[in-house]
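**Student:** Modelling step: build the complete structure from the supplied sequences, incorporating the hints.
Number of protein chains: 8
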Amino acid sequence: MDSRKAIKKLLADVRRGKVSPRKAFASLKDLPFKNLNFARLDYHRCIRKGFGEAVYCEGKSPEHIKKIVRDISGKRGYILLTRAGKKLYDYLKKDFPFLKYNECARIIYEDKLPRKSNKIVLILAAGTSDIPVAEEAKATLEVMGNRVKTAYDVGVAGIHRLFDKMSEISAANVIIVVAGMEGALASVVAGLTDKPVVAVPTSIGYGASFKGIAPLLTMMNSCAPGVTVVNIDNGFGAGYFASLVNK
Amino acid sequence: MDSRKAIKKLLADVRRGKVSPRKAFASLKDLPFKNLNFARLDYHRCIRKGFGEAVYCEGKSPEHIKKIVRDISGKRGYILLTRAGKKLYDYLKKDFPFLKYNECARIIYEDKLPRKSNKIVLILAAGTSDIPVAEEAKATLEVMGNRVKTAYDVGVAGIHRLFDKMSEISAANVIIVVAGMEGALASVVAGLTDKPVVAVPTSIGYGASFKGIAPLLTMMNSCAPGVTVVNIDNGFGAGYFASLVNK
Amino acid sequence: MDSRKAIKKLLADVRRGKVSPRKAFASLKDLPFKNLNFARLDYHRCIRKGFGEAVYCEGKSPEHIKKIVRDISGKRGYILLTRAGKKLYDYLKKDFPFLKYNECARIIYEDKLPRKSNKIVLILAAGTSDIPVAEEAKATLEVMGNRVKTAYDVGVAGIHRLFDKMSEISAANVIIVVAGMEGALASVVAGLTDKPVVAVPTSIGYGASFKGIAPLLTMMNSCAPGVTVVNIDNGFGAGYFASLVNK
Amino acid sequence: MDSRKAIKKLLADVRRGKVSPRKAFASLKDLPFKNLNFARLDYHRCIRKGFGEAVYCEGKSPEHIKKIVRDISGKRGYILLTRAGKKLYDYLKKDFPFLKYNECARIIYEDKLPRKSNKIVLILAAGTSDIPVAEEAKATLEVMGNRVKTAYDVGVAGIHRLFDKMSEISAANVIIVVAGMEGALASVVAGLTDKPVVAVPTSIGYGASFKGIAPLLTMMNSCAPGVTVVNIDNGFGAGYFASLVNK
Amino acid sequence: MDSRKAIKKLLADVRRGKVSPRKAFASLKDLPFKNLNFARLDYHRCIRKGFGEAVYCEGKSPEHIKKIVRDISGKRGYILLTRAGKKLYDYLKKDFPFLKYNECARIIYEDKLPRKSNKIVLILAAGTSDIPVAEEAKATLEVMGNRVKTAYDVGVAGIHRLFDKMSEISAANVIIVVAGMEGALASVVAGLTDKPVVAVPTSIGYGASFKGIAPLLTMMNSCAPGVTVVNIDNGFGAGYFASLVNK
Amino acid sequence: MDSRKAIKKLLADVRRGKVSPRKAFASLKDLPFKNLNFARLDYHRCIRKGFGEAVYCEGKSPEHIKKIVRDISGKRGYILLTRAGKKLYDYLKKDFPFLKYNECARIIYEDKLPRKSNKIVLILAAGTSDIPVAEEAKATLEVMGNRVKTAYDVGVAGIHRLFDKMSEISAANVIIVVAGMEGALASVVAGLTDKPVVAVPTSIGYGASFKGIAPLLTMMNSCAPGVTVVNIDNGFGAGYFASLVNK
Amino acid sequence: MDSRKAIKKLLADVRRGKVSPRKAFASLKDLPFKNLNFARLDYHRCIRKGFGEAVYCEGKSPEHIKKIVRDISGKRGYILLTRAGKKLYDYLKKDFPFLKYNECARIIYEDKLPRKSNKIVLILAAGTSDIPVAEEAKATLEVMGNRVKTAYDVGVAGIHRLFDKMSEISAANVIIVVAGMEGALASVVAGLTDKPVVAVPTSIGYGASFKGIAPLLTMMNSCAPGVTVVNIDNGFGAGYFASLVNK
Amino acid sequence: MDSRKAIKKLLADVRRGKVSPRKAFASLKDLPFKNLNFARLDYHRCIRKGFGEAVYCEGKSPEHIKKIVRDISGKRGYILLTRAGKKLYDYLKKDFPFLKYNECARIIYEDKLPRKSNKIVLILAAGTSDIPVAEEAKATLEVMGNRVKTAYDVGVAGIHRLFDKMSEISAANVIIVVAGMEGALASVVAGLTDKPVVAVPTSIGYGASFKGIAPLLTMMNSCAPGVTVVNIDNGFGAGYFASLVNK
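For the protein sequence lines, the chains are A, B, C, D, E, F, G and H, in the order given. Going by numbering that gives the first Met the number 0, 17 is the number at position 18 of the first sequence; the sequence numbering is gapless. Going by numbering that gives the first Met the number 0, 229 is the number at position 230 of the second sequence; the sequence numbering is gapless. Going by numbering that gives the first Met the number 0, 63 is the number at position 64 of the third sequence; the sequence numbering is gapless. Going by numbering that gives the first Met the number 0, 133 is the number at position 134 of the fourth sequence; the sequence numbering is gapless. Going by numbering that gives the first Met the number 0, 186 is the number at position 187 of the fifth sequence; the sequence numbering is gapless. Going by numbering that gives the first Met the number 0, 190 is the number at position 191 of the sixth sequence; the sequence numbering is gapless. Going by numbering that gives the first Met the number 0, 102 is the number at position 103 of the seventh sequence; the sequence numbering is gapless. Going by numbering that gives the first Met the number 0, 92 is the number at position 93 of the eighth sequence; the sequence numbering is gapless.
Calculated directly from the structure, the hints in this document are not laboratory data. All values reported here derive from a predicted model rather than from experimental measurement. A portion of the hints provided could be inaccurate.
Quick list of the computed label-pair ranges, beta carbon to beta carbon [to be verified]:
| hint | chain 1 | residue 1 | chain 2 | residue 2 | range |
| --- | --- | --- | --- | --- | --- |
| 1 | D | K7 | G | K7 | 14 to 22 Å |
| 2 | A | K92 | D | R160 | 24 to 32 Å |
| 3 | G | P61 | C | S166 | 28 to 36 Å |
Computed, partial: chain A to chain B, Cβ under 8 Å [as the list claims (entries may be wrong)]:
| hint | residue |
| --- | --- |
| 4 | A53 |
| 5 | D193 |
| 6 | P195 |
| 7 | V197 |
| 8 | M219 |
| 9 | N220 |
| 10 | P224 |
| 11 | G225 |
| 12 | T227 |
| 13 | V229 |
| 14 | N230 |
| 15 | F240 |
| 16 | L243 |
| 17 | V244 |
Cβ coordinates follow ideal geometry from the N, Cα and C atoms, glycine included.
**Tutor:** Next up, the structure:
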């Protein structure tokens, strides 16, 4: 129910004596944020119920993460842990046997949402070294209930391999391009399609790739329009965004 | 018709003597690219017929731009010229009286596409100085046939102004956030909504804003997921991408 | 009156029939933000009533600024325009004859607040070229009702000039240090005093000063504790912050 | 006693034959700096007596640190060791059993100063990973005799958590904001309060956060005035500065 | 045979009934890329047959690399593995006993191409620490069938050592200059010869060499024309390019 | 004649009394450098006789340049002036009527060398704004006696335009790729050919293209081998290098 | 007289009743700084009397500079104004007819110091565009009383021109190397001599020279020891330092 | 003997038949470089004989270094190994028992040169963490025969500690300033003396010190003239340069 309507009803109830001013005050106390969060209720349902709260695990202690998982579970939220090692999974599994693990994507999750639609998110990765980031995007998308296809090792050094995927590109609703080194794949793909392209620079490379700055700049400056960029190695962010678009 | 079918039919016709090998060769000559562009035909219709070819005018001479406009017109494509001054418009108008001008957005265009749907793209700008970039995004979206709403001067320095726009945020299908200086608006908005947020850093600011690098990094590192980023001041790119998503 | 009390009273009035639910709803509608801004009311009084809304003028058209000034005046707010040229002042003066101008500080303002206390903010500038930034800080402080002293050209190249100011340094409540080139003055001053030092790097210098990055980094890395830093050339920000501290 | 008075008395004593010129010379020998430090005496009392000399331990050998601690103890100064591991503490404790340890803040200290006033320094941390830096600020403040409150995990991704802390924000005298990733929290808080905000960027994040450069720039460019910035991860520096302001 | 001719012949054969339309279609299916790759056929022969596919091993697991090697072998391609450790070689050797190893160059390869010509590629390295990168270039060149000479430790700090190599410089067809620290050797060599100079900056150095940025910029800005630059430490890239030129 | 032979002959002549020791000494005086330049004689012939000495005109006064031209003419060297405006040409033409001007390339030159061979250097430019840099490369190549072909506006945003040029790519001996914005064209071309690719990043673009840094990094990190890079906007350098390769 | 002795004598005089405590106090009051500046007296004589106070004119108004010149003149100090245009000189000359001007060096000065010694400072400039910076160094040196020789256009692109200057290099006591673009000259010269080399990077160049960063890094990383570096374009600083060394 | 005279004599001998043309040619063959190195002979004596060849050990294998030491010993040159660990020393000592080790400076050397003069090089270090770099400079200077004094922990945070060293500063001939963090010490010292100051930035610090970039920029931009800078942590370079100056 609309919070405006809720307030009107509450006031009428107060007027009619059905609700005491004191009780009404208690109800109103939280209204500012409830009202604020108005638009976020659905969102919260999605975040907290859908695929749970995403937790970036790097640099957090296993004990700390266990506590967070317990909190989310207590609120009956689903769970998505990114950058999670096998060891962490083994540690958490003892207490939370329902958790699952995707080792390549380094993602721990509770369960996948039921598939919402048949629209496809296509993930293209330029090189084999970019696969872990691509898999993080894929796992995020699947946990959030999307249908995903992937094509790896389709970088521009051998552009015929990309062209072999033209029908997949045509069939996709959103495309994620994962590329390190010079990151040219994003521009090339955006030039071949009218689907939104979410580009993920990776830290793959050496020297003047500057741990991902080179592909980040490349993607930022794409001469083909239709490309937006997320942080370096941020497969989760790309997957999350693509899922919002894919809805 | 599917190019594979086209080839099969052609071969059958050759076999049956309905098409000479020479003629068949001429038809096949362009097939590689036709085949390639398969997926792109719709896209091309959109690009070339829809809102025309986008031309970035800065640093191009008026004569050069006139030539490009003539070329596009000749192919019966629509036109979108970005970063175009009033002077350029006056110059082009003589030869192409059908051109229209949006001075704040610095965009010259031929015509707007018919509105495709009622889904709204909401554009939020942090400060009044960010408005020209926001307007470039808006004009691009409208020319491409989208419904657009805007809310300007809603930066985080006076966050209540942003909260006054909660219902607009709830109602939008895609949100573009335009912000310079520290660019914090993108994170805050992404924390309030489950709609995809396309962030545009602007070069507004001085000193350590480094002509837009500060907000670009801020947006890249958004602690709230659901944000992707385009190039500094790239209102056109954000509008174009949002239009692809909004379809 | 406390907004919580206000709500309670309102609810009691509704209950008693003194206020209709509809009218009560209208009152409540803005409560979320009023409530939110609870803590900000004093602040707003200070911002909006005290020295008015600060407007950064660079890159805004005179017409635009005139409109902003009119808006603020309409709300009976005081005015502080930074980075304002003489020309702009002459332009605005016609319509707003009450405006005053500090040419060196490039600040247009309505009136100074009555002096709040006798606590002194001391502004030290390393070189004569840093004076405009120092004067911006000074003007901001004075408009906000602070007592200010200055000592210019006391950079570390001739450190005896700084030591001549030891008694002023002792007497100050807050110290602003303005320095370009290598910006070493902030560390040296922080090593000599137990007062908070607000450091302002300036874009004075050339070559490897990189338009203020060198002094910014110097100040960030001060080996003497007690230093915080604002943006390059941001005299207003330093003055504003020092005024908050000086209260 | 004032050094000027001290000199006058000394000279009178010489005149009266109570002090020999030789002894007087010995006393005067140090006067230049004593005189210089005139203003710094109180400061020194604070630094050397109050919470002792702050020593940054990273990269120093345990033996070296033990020697420093012995020197300070010999002068009856109090001690504050930052970035100190548990191992170092165990090592030092054998010789200096009076030392205490705050493991989360990684701070070794001798004793806390008696609380000077009831004015509160509020420390806000955006994420749970920012807590160690926040705790370093807190421990520094407490050792220096300040009253401290904290609110962690109040980043802008879930801005309602921040708004839940509005009363704490209202009640504070100085606010420290600790944030990594995009660091937007500082701007948002400064927009909500008229208290001075000391911002600490942290190196939390990855990719384009560039080990803290992203939040540093964000904080530097805060669109809300009233923010100053210390070095990346410098919880001690923020606490020290806030303590100077809080006096 | 020219693919155009191939198509014409195929069509004639269809016409004459020598080839069925179905079989012709199967042949044509790959034609787009075959046609596209027209120019690349020779190239592919060179890449795939000549020295095999180059694989950058850093960050790839031994199992992954073994799989790649098996794939290439299956297609009867030759192999070149760069940045390969001794351990990896020992691991691969068990399954692929025909593999050879150049430890200094850290390159695993199958076999060298027969020497194509007597034209010499000369590799100059500024310091002894630059030798591994130089050796990577050398091994790449030799595997690709080039004649190579080297002169190491000829940096500009002792320029007479370089001049002792004037006759080798005169006799070379292409020159590769490998240098770290300040990278001045490339400019000096380019000033002494009219042969194309391919410059490889190395990450040798410390402090302001910024892991190779300093020599990269030096080489980019060579005041002597005739220099092009590859990525930092990219000995393979320089060797590969020089081999293309040397053909 | 070989300088070694020259010395031997000279010594024989001294022995035979045909040349006096004094005269011989005068001849020998310059021999060290002549000898040094041994390898460079041909080169010098090429540089000084072939297309003259290349002079970068930006930032030099017309008077200064006139003096340089006179010097070179006096030595009967040919002339190549880069970054030269029309005004400069008009100024120089009065005194040196034999000079010619290529306005698009902004190059003043004396005469073209006779074509040395029929091997083609192909210049590809990604966008129309990159043409001036491409033309600088072309003019340099032609003055140095090379056969040049160009294909402009073949950027990856519309990759079919590039594929239309496959036969030109196949026919070239060396390829120069000129591209700004994200510079992806170099990688794509290198993936399509086995010819050496010389990449020229241009300063075309805005925001995060950082005046050419983005395409420079892209080209440096090309995932396809066979690419080397020259300085931003350095069409001359690319042309010069390609000419050395093409010989 | 030594300030220690002065104090002892003063105390004895007080003791003996020759000086009153009050008068003694007045004398002592300034002693801290006198004592401090002890070492600086000679220096000051040099700075203030020798070649006057150096004033960097860029960004200062003519009126401001006139005031500074008057101040220095009043103290009978000599004057050195750097980065001074012809216009400024004409303006100052009216009031200070004794001023002289070096247009190429853009330096205004009062008079040259008498030559102190015959030791030579040699200034080498790589290109003709570096000459103004070299001339600034030269003028500074001459005003400070040094003997200076110069050799311009001796960059490493034509290294024989540098070798023609070997005898000058041998004869110098200190060498200043001025170079833009890649700045390799400093390393080469340091490899040829055992004299201290002071390197001045210049902002000459374009693209990846980044306004002098490239040569600055080159010089910082010189593989030949014996090189120190001053700021970009800082001819004055190099001349000043070389003069200190040359004394 | 002068090489010019040598050539003249040789030619006369050829003329007179005392030397055959063939023999004369052999003599002349090396003359270019002999002549070139003319000026370098003294230098070489200094480098090779004086303190031997300096070898940077980091990243070189012990075996490699042993070979270099053997080479230098064979030529009867002295030895200076920088960045050398204790382990390396123990390894080398077995074969070269005459080697000595300075553990703090991490320098291995053969012997110190006899003291050349009594002129003092003073080394100031800002913090205790800067001492290893300062000691590297000191050891280099002593091996090269200089008299050295040091004063450590005299950073600007407690500037009185620096002023206690005024007499040492006055007495020095050259001053080396070693400082990390913000590096302000160099400017302050240069403001107090007229001796040349060689500044060494160190990588001490964290966050925005960027591993030494902050102090490097500070030192580059010193507002007090008389400062030149060497690479980050380059104690050897500073010592070597100071030794050249001190001669």
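**Student:** Hint by hint, note whether the structure agrees.
**Tutor:** Here is what the structure says about each hint:
Restraint check, K7 (chain D) to K7 (chain G): a C-beta distance of roughly 19 Å satisfies the suggested window 14 to 22 Å. Against the hinted window of 24 to 32 Å, the Cβ-Cβ separation of K92 (chain A) and R160 (chain D) comes to about 30 Å, which satisfies the hint. Between P61 (chain G) and S166 (chain C) the beta carbon distance is about 35 Å. The supplied range of 28 to 36 Å therefore holds. Of the supplied interface hints, the one on A53 (chain A) holds, with its beta-carbon coming within about 7 Å of a beta-carbon of chain B, less than 8 Å.
This hint holds: D193 (chain A) has a C-beta 4 Å from the nearest C-beta of chain B, less than the 8 Å allowed. The criterion of a C-beta within 8 Å of any C-beta in chain B is met by P195 (chain A), whose closest approach is roughly 4 Å, and the hint holds. Given hint, V197 (chain A) at the interface with chain B, holds; its Cβ is 6 Å from that chain's nearest Cβ, closer than 8 Å. Interface restraint check: M219 (chain A) against chain B, minimum CB-CB distance 5 Å, threshold 8 Å, status holds.
A least Cβ separation of about 6 Å between N220 (chain A) and chain B falls short of the 8 Å threshold, and the interface hint therefore holds. Interface hint status for P224 (chain A): upheld, as the beta-carbon distance to the closest one in chain B is roughly 4 Å, under 8 Å. Given the 8 Å rule on beta carbons, the hint for G225 (chain A) holds: about 6 Å separates it from the nearest Cβ of chain B. At a threshold of 8 Å, the smallest CB-CB gap from T227 (chain A) to chain B is about 3 Å, leaving the interface hint in force.
The beta carbon of V229 (chain A) is positioned within 8 Å of a beta carbon in chain B (closest approach about 5 Å), and the interface hint is therefore held. With 8 Å as the threshold, the beta carbon of N230 (chain A) comes within range of chain B, its nearest partner Cβ sitting at about 5 Å, so the hint holds. For F240 (chain A), the shortest C-beta to C-beta distance to chain B is roughly 5 Å, which falls under 8 Å, so the interface hint holds. Annotation: interface hint on L243 (chain A) holds; nearest CB of chain B at approximately 4 Å, less than 8 Å.
At a threshold of 8 Å, the smallest CB-CB gap from V244 (chain A) to chain B is about 5 Å, leaving the interface hint in force.
Of the numbered hints listed earlier, not one is contradicted by the structure.
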